[in-house]
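Enquirer: With the sequences and hints as input, model every part of the structure.
Protein chains in written order, with the numbering used here: chain A, 1 to 635; chain B, 1001 to 1255; chain C, 2001 to 2209; chain D, 3001 to 3101.
Be aware that one or more of the hints could be misleading.
[Stated by the list, open to error] Pairs of lysine to aspartate or glutamate, DMTMM-like flavour, derived with a Cα cap of 25 angstroms:
{"no.": "1", "chain 1": "B", "residue 1": "Lys1150", "chain 2": "B", "residue 2": "Glu1240"}
{"no.": "2", "chain 1": "C", "residue 1": "Lys2105", "chain 2": "D", "residue 2": "Glu3008"}
{"no.": "3", "chain 1": "D", "residue 1": "Lys3070", "chain 2": "C", "residue 2": "Asp2025"}
{"no.": "4", "chain 1": "B", "residue 1": "Lys1002", "chain 2": "B", "residue 2": "Asp1012"}
{"no.": "5", "chain 1": "A", "residue 1": "Lys556", "chain 2": "A", "residue 2": "Asp585"}
{"no.": "6", "chain 1": "A", "residue 1": "Lys154", "chain 2": "C", "residue 2": "Glu2015"}
{"no.": "7", "chain 1": "C", "residue 1": "Lys2103", "chain 2": "C", "residue 2": "Glu2177"}
{"no.": "8", "chain 1": "B", "residue 1": "Lys1092", "chain 2": "D", "residue 2": "Asp3097"}
It should be emphasised that the hints constitute simulated quantities derived from the structure, not laboratory data.
In this text, all values refer to a predicted model and were calculated from it rather than measured experimentally.
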Amino acid sequence: MAPKRQLRVGTQWLYVDEAEKLLREAIRIQEEEEKKRHGGHPQSWIRRYVFSTDHKWIGLQYGFTALLFLLFGFSLMLLMRLQLAWPNKAFGILKVLGETAAPGGVMLPETYNQLGAMHGTIMVFLAIVPLAVGAFGNYVVPLQIGAPDMAFPKLNMASYWCYLPGGLLMLGSFFAPGGAANSGWTSYPPLSVIATQGQTWWLLGMVFLITSSLLGSVNFIVTIIQLRAKGMTFMRFPFFVWAQLVTSFLLLLAFPPLEAAAILQLMDRVAGTSFFMPSGLVVSGNVLANAGGGNPLLWQHLFWFLAHPEVYVLILPAMGIVAEVLANNTRKPLWGYRSMVGAAVFLGFMSFVVWAHHMFLTGMGTVISAFFQTTTMIISIPSVIILTAMFMSLWGGSIRFNTPMLFALAFLPMFGIGGLTGLPLGLAASDIHLHDTYYVIGHFHYVVAPGTIFALFAGIYYWFPKVTGRMLNEFWGKVHFWLSLIFINGVFAPMFYQGLAGISRRLYDGGAQYAHANPAFKSNVLMTVSAWCLLAAQVPFIVNFFWNVFMAVLGKRNAGPNPWQATTLDWAATTSPPLAHGNFDVMPVVYRGPYEYSLPGHEFDYLPQHVEVPEAPPPGGGMLPEAVAVARREA
Amino acid sequence: MKEFLARYMPIDASAHGSKLDDLNAVVHWLMLVLFVGWSLYFLYVLWRFRASRHPKASYAGAQSHISSYAEAGVAIVEVILLVGFSIPLWSKWTTQPPKSSNPLEIRLVAEQFLWNVHYPGADGIFGRTDVKLVSSTNPVGLDYADPGAKDDIVSINQLHLEAGRAVVVRITSKDVIHSFSLPVMRVKQDAIPGMEIPVHFTPVKTSDGATWEIACAQLCGLGHYRMRGQLFVHTRAEFEKWLSTQTPAAAAAGS
Amino acid sequence: MDAHAHAAHGHGELEIPFNVHPRPDTGLYNAKLGIWLFLASEVMLFGALFSSLILLRTGVENWPHGWKLLNVPLATLNTFVLISSSVTVVLAWASLRLGDLRKGKIYLALTLLCALIFMVVKAFEYGSKFSHHIHPSTDNFYAIYFTMTGLHGLHVLGGMVVFAYFLGPGAKMWQTEPARFTNRIEVCGLYWHFVDLVWIFLFPTLYLL
Amino acid sequence: MSGHATPEEIRKETRIYLMVFAGLAVLTAVTVAVSYLHLSIGMAVLVALFIASIKGFLVAGYFMHLLSEKKLIYGVLMLTVFFFAVLLWGPWHHHYDTFGR
Ligand code: HEA
Ligand code: HEA
Ligand code: CUA
Ligand SMILES: [Cu+2]
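Expert: So, in C-alpha cells, the structure goes:
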C-alpha cells in the first residue's frame, strides 16, 4: 500500500483521501441546499430563462450575447486585416461577404468602411460594455454587496431586452440597401448624414443601446447605495463595486447627450433638417438642398461628451476585476485601497471635462485647447495612482500564478503602454503629427484589447467556478494566456511605428499608395498574421469554456463554493446561487473590509467579510479543490 | 530619443516641426522612464514574491512611499510639458504670421476625394467664390466676373510652395470633413465645411524630386484612402518659374 | 434594517429591501433615488438640446424671433395648463397620503385631462404650421422648435400612459399596499414636474425670444 | 418627508402648493408681458431666463419638494448641474475660440 500523502489546506495538513471526502461532502451539502431552495416554486421556462428578472441570469444573458458580439466584432476585423496586409488581393474567405460587397473575393472600399465602423461600434457598445457592466456588473455586484437582487429586477430585464434589439438592429443593418453604417464609429456629419441607409439603422440601434444603458445605470446606482448588506459601508466595498458605481454615473450622465445627438442626426437624415449641415454644401457636383446653417462640430462635441467618459466605462470595470484578482492571488490586502477609490471617483468626475482632446485639430484656439490639454494631463494622474497602487500591491505578496492572475498581471503593463501613449495625444502640439494615425489606434487598442479584454478574461476564469461549480482547465487557460499575449502584441505594437510614420487610420489599402507610409506599411503582414493567430489562440479558451459549461449542466462539479479562498461576499453565496430565489440563505452581515488576507495571528490566510468569529475556519472547503487536484496529479 | 523617433518618422522639412518633435521626444522620455522603471520593478516582484519562494504574504505590504514621489514626478513633468512646451507651441500654431513677412496665401478646398488648391495669383487677392458657380470645370466656384478672380490659379492635388517663405493655407471643404495632413511638414488640420481655418508653416527644405505627400487623415467616404496629393517645395526662383507657367483658371475656362 | 431580517426566499415573489420604506442611512426608498437619477439623465438629455440651440443660434447672423413665427397665446395657454397639471398631481399625492383614494383619483384624472389638453393644443399648433408648409426642414429655427417640443411632447405622452395606468389597473395596489402606491404616485409626480420644468424653460427660449 | 407627516402638516403643504401655483401663473403672465416690450435681445434673454429660473425654483423646490430632500439627492443634482453647465459652455466657447475666425 502506498504511503498516505498529506496536503496542506490553509495551515492544516490533511490526508488526500480525507480531503477528497471533505470536498465531495461540501459539494453534496451545497447541492442539497440548493434543491431545498428550488423546491415548490415552479416557474415557467420563459420566465426563468428568457424574460428572467434574476440578476444572475440576466448577467449570463448579457455575458453570452456580448461574447458572441466580441467574437463577431473580431471577425469583421480579421477580414479587414486581410485587405490591409494584402490590398486588393482576392481571398476565398472574403466571399462570405457576398458578391456585392467583395466581388470575386476582393473587398470593396465601401465594405471596408462598413466593417470598420461596425467593428468599432460592436466592440465598444455591444461587446465590451455589455460584458463588463451588463454581465460582470449584474452577476457580481449584488453578490458582492450582499443584496438579494438588483433594486429593480423588471427594469433589469428591460435593460437586456433593449440591448438585444439594439444589437440585432446593428446586425440587421448589414442587409440594408447600401449595407451597414460606414462613417466610422464616430459617425461624423456631414458624411454620416449623406451616407446610405445603414446609418439610420445605426442611429436607431444606438437609441436602443443608450436606453438600455440608462436603465442599467439607474439600477446599479440604486442597488449599490440602497441594498448594501448590514455593515457594508462604502469603504468596505470591494474595489470592483466602486468601479461599477463610478461607471454607472458615467453612463447615466454622459449617454443622454449622445441620445440627443442621435435624435438630431436622425432628424437631419430623415426629416431633412440641417443641425449638422452648414450652408452651401456641394456633394459630387450637386448643391445640397438643405436649408443649411448647421454646425458639424456640434455633433463632435455631443459625441465626445459621451465617448470620452465611455472609454473610462471600458476601463474602470476592468480595473475592478483586476483589483479583485490581484488581492486574491497575492494573498494580501490591496495597497492604498483608499487612494484607489479616491482616484476612481476623481477619474470619473474628470472624464466629463476632457472630451475635446479628440478635437484639437478642428481649429481650436489657444485658450480652449489649453483648457482641454490641462484637464487631459490631470486625468492621467488618477490612472497613474490606480496603476501604481496595483503594482505596489504585489510587494510582499505570496503570488499564485493561476490563469486569472496571469491575465490580471498582464493587464498592468498592457494598460500601462496604452495609457502612456495617451500622453503625447493629450498634448495638442504633439497630437498634430499623431492625430488620426495608427498611433491613436495603437494607443486605444492597448487599453481596450490587452487591457480590458485581458481583464475580462481574468474575470471569466475567476468567477467561472462561482457560476458553474467547475474550474476552467488551468493548463489550457495558460496556453490561452501565453498565446494571446504574444499575438495581441504582434497586432498592436507595430501600430505605434506606423503612426509615427504618419499612416492615416481608416485607409482601405493600409496606406499602400503613400510614399511616406512605405517602410512601415510592410508590418501589416506581421500584424495580420498575428491577428489570425490570435483567433487561433482563442480556440483553447472556447473549447475549455463550452466543455466546462456542458459538464456543469450535467451537474458534474469540481469546485467548492470558495475555490480561491476569497474574502468578498460573492464567495459567501453557494455555487451558482439559485435563480430567482435570492442570493443568500441568510442575509450576510459584514464585519470588515474587503481584502483581509494574511491577517497576522490567524490560522487561515483569509478572513471573509461576513465571518463573525475570526477563529472559525472559513466555510466551504477553501483551498480543497485545488489541493486535491494537485495531489491527484502528483499521485 | 528624438533621433530614435526620427528613425520611424518622415523627415521634417518645416521650420516649426523640430519643436514639435522635441516635445514628442520629451514625452516619450517620460513614457520610457516610467515603462522601464515599472517593468523592472514588476519582473523583480514577480520573481521575488512568487508563492513558492514566499509562501506567507505580508499583511502590511509595501511600507515605502517611494511610489508617491514617482506619482508627483509624473505630475511635475506633465506640468512642464504643458506650460513649457505644448501650450506655447499651440499658441504659435494659432497665431498668424505678420503680413510684413509676406506669407504665401493659399486656399485649399477639399472635396470627395481630392484637394483643390487655389492661389490668389499675382494680385494676391482671392476672387469671389460661390457654391452656385461650382461645376466640373470650376471646382471652387470662382466668380470670373470678379476682378480679383482674373489671375487666380486653381490646381488639383498639387501643392507648390516656396522654401523659406511662410505659407498660410486657408482650409475648408465643399462636402464632408477631411483632414489636410502633410507628414513631412508636421502639419495637420481638419478641413471642415462651413469653416475656413488658416494654418501656417514655413517649409525649409526643397523637395528636390522626393515624393512628398498630402494625405487625407479624416474618414471622408469610400475614396478616403486614395485622397492623396503631392507637395512640391521649390527654391524661390523655381517657384516663380512654376507660377509663370500656370494658366489662370479664368483664362483656362475661356472667359 | 428589519428588511434584512427575513431571508429573501420562500415567498413566490422575491422581496427587495427598501422598496417601500426608506433606508435609514440614506433616508430614501429605492424608487425615489431611482427617479431622481433618471431625472438627472433627463437634465443631460435636454441640456444637450439646449446646448445645441445656443450653438446654432449664435452660429448664424439672424436668428428669427420666436414671437414673430410662433403662436404665443396658445403656448401661454399651454403653460397654464401644464402648471395646473403639476398642482393637481401634487394634490393627488397629498390626498393619498391623507388616505383618500377617491380624491386622489379625481386629481389624477384632472392631471390626465390637463395633459390631454396640452397635447391637443400642441397638435393644433403643429397642424397650423404644416398647413402653411412649414416643416422641420424649413430652417434651423423650426428644426430645433419641432425637435425640442416634439421630444417634450413624447415625455408628456409617456406621462399620460403612466397616469392612465395608475387610474386604472395600477390603482389595485392601493388595496394591498397603500404606502407603496402612494410612493408610486410621488415618483410619477416628480417625473411630471420635471416635464413641466422643461416646458418652463422651453417656452421662453423658443416662443418669447 | 414622505410618509411620516401628520395630516395637519399635509394640509399645510397643500396650501403652499396652491400659493406656488399662483406664483407660477403670475410669473408666466409677467414673462409673456415682457416679451411684448421687444427688449434688446441680450436684455430679453436675461429677463426671460431670470423669470424662468424663479419658476423652475418654485417647481423644483416645492412641487418636487427638493427644499426638504436628502443630501444624496443634492449630491447627484449638483454633479448633474455642473456637467450640464460644462456641456453648455464647451461647444459655445469652442465656437468663439476658433482660430482664424
Ligand atoms: C479604455 C479606453 C481608454 C483609456 C483608458 C484611455 C486613456 C487615455 N487616453 Fe485615450 N482613447 C481611447 C480610449 C482610451 N483612452 C479611444 C477609443 C480613442 C480613440 C477614439 C477614436 O478616435 O476612434 C482614444 C483617443 C485618445 C485621444 C485622441 C487622439 C486623437 O484622435 O488624436 C487622446 C488625446 O488626448 C487620448 C488621451 C488619453 C489619455 C491622456 C488617457 C489617460 O487616461 C491614460 C492615463 C494612463 C497612464 C498615464 C498610464 C500610467 C502608467 C504607469 C504609471 C505605469 C506604466 C508601467 C508599465 C507600462 C510597466 N486618447
Ligand atoms: C472595445 C473596443 C475594441 C476592441 C476590443 C478592439 C479589438 C480589436 N481591434 Fe479594433 N477598433 C475599435 C475598438 C476595438 N477594437 C474602434 C473603436 C476602432 C475605430 C473604428 C473606426 O475607425 O471608426 C477600431 C479600429 C481597429 C483597426 C483600425 C482600422 C482602420 O483604421 O482602418 C484595427 C486594425 O487592425 C483594429 C484591430 C483590432 C483587433 C485585431 C482587435 C483584437 O484585439 C480583437 C481580439 C478579440 C478577441 C481576442 C476576442 C475573442 C473572442 C472570444 C474569445 C469570444 C469567445 C466566445 C464565447 C466563449 C461565446 N481595430
Ligand atoms: Cu478626405 Cu479622407
Ligand atoms: Cu478621450
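Enquirer: CA of D:Lys3070 to CA of C:Asp2025, is that 25 angstroms or under?
Expert: holds (10 angstroms)
Enquirer: Could you grab the alpha-carbon distance between B:Lys1002 and B:Asp1012 and see if it respects the 25 angstroms cut-off?
Expert: holds (12 angstroms)
Enquirer: Under the criterion that the straight-line Cα-Cα distance not exceed 25 angstroms, is the pair B:Lys1092, D:Asp3097 satisfied?
Expert: holds (15 angstroms)
Enquirer: With the threshold set at 25 angstroms, check whether the alpha-carbon distance from A:Lys556 to A:Asp585 stays at or below it.
Expert: The given pair, whose Cα atoms are some 23 angstroms apart, holds under the 25 angstroms limit.
Enquirer: Compare the distance between the alpha carbons of B:Lys1150 and B:Glu1240 with 25 angstroms, and conclude whether the hinted pair is satisfied.
Expert: Judged against 25 angstroms, a Cα distance of about 18 angstroms means the pair holds.
Enquirer: Between C:Lys2105 and D:Glu3008, is the straight-line Cα distance small enough, at 25 angstroms or below?
Expert: holds (21 angstroms)
Enquirer: Just to be careful, I want the Cα atoms of A:Lys154 and C:Glu2015 compared with a cutoff of 25 angstroms; is the pair within it?
Expert: holds (13 angstroms)
Enquirer: Against the 25 angstroms threshold, does the CA-CA distance of C:Lys2103 and C:Glu2177 hold or violate the hint?
Expert: OK: C:Lys2103 and C:Glu2177 at ~18 angstroms, within 25 angstroms.
The structure agrees with every numbered hint stated previously.
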